[in-house]
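**Q** Here is how the chains run, residue by residue.
Number of protein chains: 2
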Amino acid sequence: MAEMRVTPWTVEGKIEYERLIKEFGTSPITDELLKELESTAKKPLPVFLRRGFFFSHRDLNVALREYKEGKPFFIYTGRGPSGKMHLGHILSFLMAKWLQEAFGANLYIEITDDEKFLQKREYTLEKTREQADKDILDIVALGFDPEKTFIFKDTEYVGHVYPLMIKAAKKVTFSTMRAVFGFTNETNVGLIFWPMYQVIPTFFEKNRALIPCAIDQDPYWRVQRDIAEGLGYKKAAAIHGMFLPPLQGTEGKMSSSKAESAIYLNDDTKTVRKKIMKYAFSGGQPTVKEHRKKGGNPDIDVSFIYLKMLFEEDDKKLKEIYNAYKSGEMLTGELKDYTAKKISAFLEEHQRRKKTDGERLAKKMMYEGELARAMWERVYE
Amino acid sequence: MAEMRVTPWTVEGKIEYERLIKEFGTSPITDELLKELESTAKKPLPVFLRRGFFFSHRDLNVALREYKEGKPFFIYTGRGPSGKMHLGHILSFLMAKWLQEAFGANLYIEITDDEKFLQKREYTLEKTREQADKDILDIVALGFDPEKTFIFKDTEYVGHVYPLMIKAAKKVTFSTMRAVFGFTNETNVGLIFWPMYQVIPTFFEKNRALIPCAIDQDPYWRVQRDIAEGLGYKKAAAIHGMFLPPLQGTEGKMSSSKAESAIYLNDDTKTVRKKIMKYAFSGGQPTVKEHRKKGGNPDIDVSFIYLKMLFEEDDKKLKEIYNAYKSGEMLTGELKDYTAKKISAFLEEHQRRKKTDGERLAKKMMYEGELARAMWERVYE
Chain A
4 MAEMRVTPWT VEGKIEYERL IKEFGTSPIT DELLKELEST AKKPLPVFLR
54 RGFFFSHRDL NVALREYKEG KPFFIYTGRG PSGKMHLGHI LSFLMAKWLQ
104 EAFGANLYIE ITDDEKFLQK REYTLEKTRE QADKDILDIV ALGFDPEKTF
154 IFKDTEYVGH VYPLMIKAAK KVTFSTMRAV FGFTNETNVG LIFWPMYQVI
204 PTFFEKNRAL IPCAIDQDPY WRVQRDIAEG LGYKKAAAIH GMFLPPLQGT
254 EGKMSSSKAE SAIYLNDDTK TVRKKIMKYA FSGGQPTVKE HRKKGGNPDI
304 DVSFIYLKML FEEDDKKLKE IYNAYKSGEM LTGELKDYTA KKISAFLEEH
354 QRRKKTDGER LAKKMMYEGE LARAMWERVY E
Chain B
4 MAEMRVTPWT VEGKIEYERL IKEFGTSPIT DELLKELEST AKKPLPVFLR
54 RGFFFSHRDL NVALREYKEG KPFFIYTGRG PSGKMHLGHI LSFLMAKWLQ
104 EAFGANLYIE ITDDEKFLQK REYTLEKTRE QADKDILDIV ALGFDPEKTF
154 IFKDTEYVGH VYPLMIKAAK KVTFSTMRAV FGFTNETNVG LIFWPMYQVI
204 PTFFEKNRAL IPCAIDQDPY WRVQRDIAEG LGYKKAAAIH GMFLPPLQGT
254 EGKMSSSKAE SAIYLNDDTK TVRKKIMKYA FSGGQPTVKE HRKKGGNPDI
304 DVSFIYLKML FEEDDKKLKE IYNAYKSGEM LTGELKDYTA KKISAFLEEH
354 QRRKKTDGER LAKKMMYEGE LARAMWERVY E
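If you read the protein sequences in the order shown, they are chains A and B.
For what it's worth, my numbering labels the leading residue of the first sequence as 4, then goes sequentially.
For what it's worth, my numbering labels the leading residue of the second sequence as 4, then goes sequentially.
The hints are simulated quantities; they were obtained by calculation from the structure and are not laboratory data.
It is possible that part of the hints are untrue.
Same chains, same names: a pair is fine if it fits in one copy or spans any two.
Unchecked claim - Below, computed lysine to any residue pairings styled on SDA-like, alpha-carbon distance capped at 20 Å:
id	residue 1	residue 2
1	K273	A5
2	K130	G233
3	K281	E263
4	K174	T127
5	K281	E35
6	K174	Q122
7	K174	G185
8	K156	F349
9	K344	E254
10	K174	E125
11	K46	K123
12	K156	R381
13	K292	K366
14	K151	K261
15	K277	E337
16	K45	N64
17	K130	E384
18	K273	V183
19	K156	V382
20	K151	R228
21	K311	L250
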């Protein structure tokens, strides 16, 4: 089994989430905290919260307490445009969407076209920007409030944040960046400076930022929390997700650089079925006879995990599937068929929204909506 | 005598200019090259050229050859707003002005408000920007072509250059920056990235940039020349000036952080006289009697050096002063009186232009002139 390695640019090996909580110094999301979130939100929790996909946090309890005291938070998340978007990319956005709906909060989405260009040797800036434009259509189709959501590309918005960015950068040395991000003397100076840009949106409001993201992004918030108060802002709160497993099993994460590991947001029904049938790691037995006799293991079955984390909202139905698969009553083919249908239904609806409404929504959230217009008037200093 | 130390942020000790040419790998400006410059310019050389103040270059000969072949160069220089502007700051601008007049070239002037803030621990960004606005009034009063000159503050123009800046930054590692600028692990990441911004204006045109600057700025052009062609631009040419000596003598340079070393552009006639009389290092003898007998040494006399490098345009008159002082015929008080009057005459005219026309010219060169308007339409990618 490969050694676990989790940085913003590499996720490898068998991920031990409890170890990450300890190493990163974050807090587990407890049942008690989930109850508080639900009662504050006055809205039932989505599957990816109640089934533990978001497992770690920083100051979520503080953000909720402040909210109840009349001090709202705002939501911030983002996307690095490298390769096509797949199912693993949408969890943080769905979390952001739920939070926006529940708390009526402003949502800021940073598209880091500069980062991906700086980080990947073979990328041109032109390529990352093209990818960024494609990704934005996928993101807006997930359905945010177009008047309360601002989506921006780094290279396009930089003039509005640079003064504050250098104020933040003055407080961070190369030593710190090296320790936090593993930079070396051979790292290019664009990438060395770049993390400050991922920090900046946490200062878009004087209120506290609440950031839904995968746990590998936490190093940025460590830097942010060191400098925020010295700049007159609040320490960011975060809610950390796991990695959606690749089709092949539970090591690493779904990755667009490994085509057979991922279900893309633009995969059609036939492709989804083929990928699930062909690649999805199964907890079933080698033969039907053996499966009927011994039963399968849903806990390591990737199809089941996808249902659990995202696609089966009905708790009762999920439990039935779990039991039927475990007992051998449900076969691997049947589980895969059910999962493929669920995913396809989600993607068909997503693709339809993207096609019919993507361009209009992108325009709104980038330039013409209420929050977007306000953001283009602002310069952060 | 203090050890020579010359970096963009420190100039100390007795400056050995020939050693700098060797260490920096630049070329001396020969009499032959000066003749070529004069004949190409079709204009007599200014004092600071014909008396050797600009002593070193990179590819000035190439820029002149290209000019004669119909490929013009453009001029680029700049100013870091730290403390009040003094006489030492204007040489590069006067050189730029002469080049612009002689060659009809576009001139770009970068005001590095971000750099000074990042570099000086105690500075606020607000303070450097205020200083920047004051400096710009002094700069425009030196008299450039308002339709062919673009002056910009880094924090204000960054949105127009950032994409190209990260393309350049991707080609430069921390190792290189450390070697070239002496950065350490404790340098803040804003400053580590910042040199890319000083490089960017060399790419404002596809033509070759010709940069009048003090020799301490050459490290930036070494970085530029390493990466320019890979980005589709030309290697910058530069023409390097000496440092104007401080009032106290010939070590280090006139510096606004040492008030008694400098004559400021806003010093009035009385102040100039007092500073020259009180502080200007003299090559004269301790007593009038001794001076009449042994004569003075104009070569180490700061008043004489100011006359030579900048304020006495008449070669014949300068020679007379030289001989009279050396023979003892001219006393130190007389030399100082003459120099103070020359400097005051220059400054009075400068201050008058700044007062009557500064605001209008700044507006032109920053926003409303022909070149300025074109630059605000552009984004460098």
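**Q** It remains to establish, for every hint, whether it holds in the given structure.
**A** We went through each hint and held it up to the structure:
no.: 1; hint: K273 - A5; verdict: neither (32 Å within a copy, 78 Å between copies)
no.: 2; hint: K130 - G233; verdict: between (37 Å within a copy, 18 Å between copies)
no.: 3; hint: K281 - E263; verdict: within (10 Å within a copy, 81 Å between copies)
no.: 4; hint: K174 - T127; verdict: between (30 Å within a copy, 12 Å between copies)
no.: 5; hint: K281 - E35; verdict: neither (40 Å within a copy, 77 Å between copies)
no.: 6; hint: K174 - Q122; verdict: between (23 Å within a copy, 12 Å between copies)
no.: 7; hint: K174 - G185; verdict: both (18 Å within a copy, 19 Å between copies)
no.: 8; hint: K156 - F349; verdict: neither (27 Å within a copy, 50 Å between copies)
no.: 9; hint: K344 - E254; verdict: neither (25 Å within a copy, 81 Å between copies)
no.: 10; hint: K174 - E125; verdict: between (31 Å within a copy, 12 Å between copies)
no.: 11; hint: K46 - K123; verdict: neither (41 Å within a copy, 51 Å between copies)
no.: 12; hint: K156 - R381; verdict: both (16 Å within a copy, 18 Å between copies)
no.: 13; hint: K292 - K366; verdict: neither (56 Å within a copy, 85 Å between copies)
no.: 14; hint: K151 - K261; verdict: neither (35 Å within a copy, 52 Å between copies)
no.: 15; hint: K277 - E337; verdict: within (14 Å within a copy, 97 Å between copies)
no.: 16; hint: K45 - N64; verdict: within (16 Å within a copy, 75 Å between copies)
no.: 17; hint: K130 - E384; verdict: between (30 Å within a copy, 13 Å between copies)
no.: 18; hint: K273 - V183; verdict: neither (43 Å within a copy, 57 Å between copies)
no.: 19; hint: K156 - V382; verdict: both (15 Å within a copy, 15 Å between copies)
no.: 20; hint: K151 - R228; verdict: neither (25 Å within a copy, 46 Å between copies)
no.: 21; hint: K311 - L250; verdict: within (15 Å within a copy, 78 Å between copies)
Checked against the numbered hints listed earlier, the structure breaks hints 1, 5, 8, 9, 11, 13, 14, 18 and 20; every other hint is satisfied.
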